[in-house]
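Start from chain A and add chains B and C according to the hints.
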Amino acid sequence: MLARWINPVFLGIVAAASIAANLAMPELRLYIHSAAYLLTGLLCVEIARDYDHKLMRLSWVLFSGEPFSLAASFPLGISAVVSWLGGVTQRDHIALEMVQLGLTCLLAGMILTWWQLRQFGLGFHARGMDWVAVGAILTGMAIFFGLSWQGGWMFPMMAGARVLLFLAAAVSILLNRFCQQMGGGEIARVIRFIIAYVATRCVMNLVFAVNKTWAPVALELEDLLNVVFPWIFLFGVTLRARVAVRAEAELARVNGIASSI
Amino acid sequence: MKHPIDYDDWLGYLDGDLDQIRTARVREHIDHCSECRSTWNELLEATAALRSAAREYAAVHAVCDDEVRSGRERVLARIRTLESPSTLESVAAGELTVGRLRKLQHVVAPVGGARTAFRLIVAAAGRTPVPQGTAAWRIFLEQLTDLTSALCGRSMARLVWEIGNSLP
Amino acid sequence: MSTASDEKERQAIAGFLSEPTEVRFCALFDAFYGRLCRYFAARDVDRSIAEELAENVMFQVYRHVAQLRDGMSFHGWLFQIARNEYLQHRRKSATSLQTVPYEPLAGRLAETLDSGIRQEAEGPFREWMTHMDETEREILILRFMEDLDYPEISHVLGIPVGTIKWKVFNAKAKLAAVVGRRTAKSK
Numbered sequence: 020m021l022a023r024w025i026n027p028v029f030l031g032i033v034a035a036a037s038i039a040a041n042l043a044m045p046e047l048r049l050y051i052h053s054a055a056y057l058l059t060g061l062l063c064v065e066i067a068r069d070y071d072h073k074l075m076r077l078s079w080v081l082f083s084g085e086p087f088s089l090a091a092s093f094p095l096g097i098s099a100v101v102s103w104l105g106g107v108t109q110r111d112h113i114a115l116e117m118v119q120l121g122l123t124c125l126l127a128g129m130i131l132t133w134w135q136l137r138q139f140g141l142g143f144h145a146r147g148m149d150w151v152a153v154g155a156i157l158t159g160m161a162i163f164f165g166l167s168w169q170g171g172w173m174f175p176m177m178a179g180a181r182v183l184l185f186l187a188a189a190v191s192i193l194l195n196r197f198c199q200q201m202g203g204g205e206i207a208r209v210i211r212f213i214i215a216y217v218a219t220r221c222v223m224n225l226v227f228a229v230n231k232t233w234a235p236v237a238l239e240l241e242d243l244l245n246v247v248f249p250w251i252f253l254f255g256v257t258l259r260a261r262v263a264v265r266a267e268a269e270l271a272r273v274n275g276i277a278s279s280i
Numbered sequence: 004m005k006h007p008i009d010y011d012d013w014l015g016y017l018d019g020d021l022d023q024i025r026t027a028r029v030r031e032h033i034d035h036c037s038e039c040r041s042t043w044n045e046l047l048e049a050t051a052a053l054r055s056a057a058r059e060y061a062a063v064h065a066v067c068d069d070e071v072r073s074g075r076e077r078v079l080a081r082i083r084t085l086e087s088p089s090t091l092e093s094v095a096a097g098e099l100t101v102g103r104l105r106k107l108q109h110v111v112a113p114v115g116g117a118r119t120a121f122r123l124i125v126a127a128a129g130r131t132p133v134p135q136g137t138a139a140w141r142i143f144l145e146q147l148t149d150l151t152s153a154l155c156g157r158s159m160a161r162l163v164w165e166i167g168n169s170l171p
Numbered sequence: 397m398s399t400a401s402d403e404k405e406r407q408a409i410a411g412f413l414s415e416p417t418e419v420r421f422c423a424l425f426d427a428f429y430g431r432l433c434r435y436f437a438a439r440d441v442d443r444s445i446a447e448e449l450a451e452n453v454m455f456q457v458y459r460h461v462a463q464l465r466d467g468m469s470f471h472g473w474l475f476q477i478a479r480n481e482y483l484q485h486r487r488k489s490a491t492s493l494q495t496v497p498y499e500p501l502a503g504r505l506a507e508t509l510d511s512g513i514r515q516e517a518e519g520p521f522r523e524w525m526t527h528m529d530e531t532e533r534e535i536l537i538l539r540f541m542e543d544l545d546y547p548e549i550s551h552v553l554g555i556p557v558g559t560i561k562w563k564v565f566n567a568k569a570k571l572a573a574v575v576g577r578r579t580a581k582s583k
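Chains as they are written, first to last, in this note's numbering: chain A, 20 to 280; chain B, 4 to 171; chain C, 397 to 583.
No lab work stands behind these hints: they were computed from the structure. Treat the hints with care, as some may be off.
Residues from chain B shown here face chain C by an in silico Cβ test under 8 Å; the list is partial [to be verified]:
id, residue
1, Trp13
2, Leu14
3, Ala52
4, Ala61
Beta carbons are placed, not taken as given, at the ideal position from N, Cα and C, and that holds for glycine.
Okay, chain A solo, but in the shape it has when bound (with noise of 0.2 Å):
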């Protein structure tokens, strides 16, 4: 078991020595990302053994797909072979269409695990607010999508990742309302780890999408929110995980108290 040997806290430290090393050293940044990336896809491989519940597992297959296809996009993985065979334009249309292909699994896990919890029948249900939230979101994708067609911001092979990243969004007013009524737990921290990597990823097209020279701070907050968003979603898979191995050791606990009653 992978999750085994992954300790959030020796995960947060190495988190924030990557950031720092990103920051000073961006070369190295593709190679730890592309870590990063292919343990989180291997940790949600390792959730989705745990589940015996048919769609809950797909889900979390599903969220493997994101992840893996990121680390498929860097220079390490498959657009790697690409570029070599079809060069540096046909590369970064692959990766583009990685990218793409992820934020689809992303988006279908999210609505999976939404549609699985209502279907519970624990009690978990969005209220009026809620959609109208999730109208909002939609809306204001219509107006960015305007405007920047209209001003000319927008290149047009991102647009399908920009959608993805909208409706994930909408997906996660959805999801945040469920770990409302979650009252606390485990679960609803890793839900929201994966909201917050969505939000994140949100917030980094908007400010990709804001013409520099206007706002150079921009530009760093770009930057910064490049090299953490990838741990973002690595520790809440983290967390999740972890949940599997305490209760294989309070298992083994409670069977050996058991056995030497």
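Same frame as chain A, now just chains B and C:
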């Protein structure tokens, strides 16, 4: 004399449940056998007496409309608490004691959340049949384990099962 | 049992099974509460406790109606729950320390007088049951007071139909002797 009537025939004949052939056989034998005729008369008298005595007893212990109404109000109050239970006490019954439920709630709450843990227990209790000794606890644990597995994963479900089985 | 109350019960059962709402439950409660109180009273339970047990049974019926499988008799299921409630009550009474609350003498006397009058009005049923064993008593109450058929009684007690019939036959034979003695005495 051979008596071709067994207890099943006697009861069937008394209740009028026998088919034509068996009825005819019993009637014919009674007509020709004084011993069985005597048995038949005794059984008939006993059955009639029992029916009458049961009716008399039932009449004395009848409940009036007021008693029915107040009983109904009390049960409806319990049902309404059940539909929106706020405490484990309103869910506990039979083998599902408050202590046991609370212990399991404390196991699930750190992972699923306090409110989720309560709702899981309520949902599992709702799927447990009428308490019949230790079977009800086992069935409750199975339901709770299924729900926990779907929400929190197999490891947590196994933990809930083991702890549930180890509770006094 | 009269045909009118049979029909009332049938309608209440059908209504509740098709739509387990509070309104339908009230009709079911009205149809069966009295029978359940009477059933517990026949098991020698105090009236107030009989009412409490009957309420418990109806509460369980509301909670667990989904467990009534197709083809299963409602009466058999209902009285199975009732029997389990009674057995649970008996187990608890056997293990717990009985305390008698202080009551003014007049109240106690009135209650004793009332129960004495009731016992006299009950007729010979209670006395006849003392001649039966536990299972025979249960079967006779279900058969003659509650009008359950043999398969339903079999479901309640978990005993094969053949055994039920054998016990009924035996009980009637015992009763025949008791009734015969009673008739002879009265003559």
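- Against the structure shown, which of the earlier numbered hints fail to hold, in ascending order? Structure breaks no hint.
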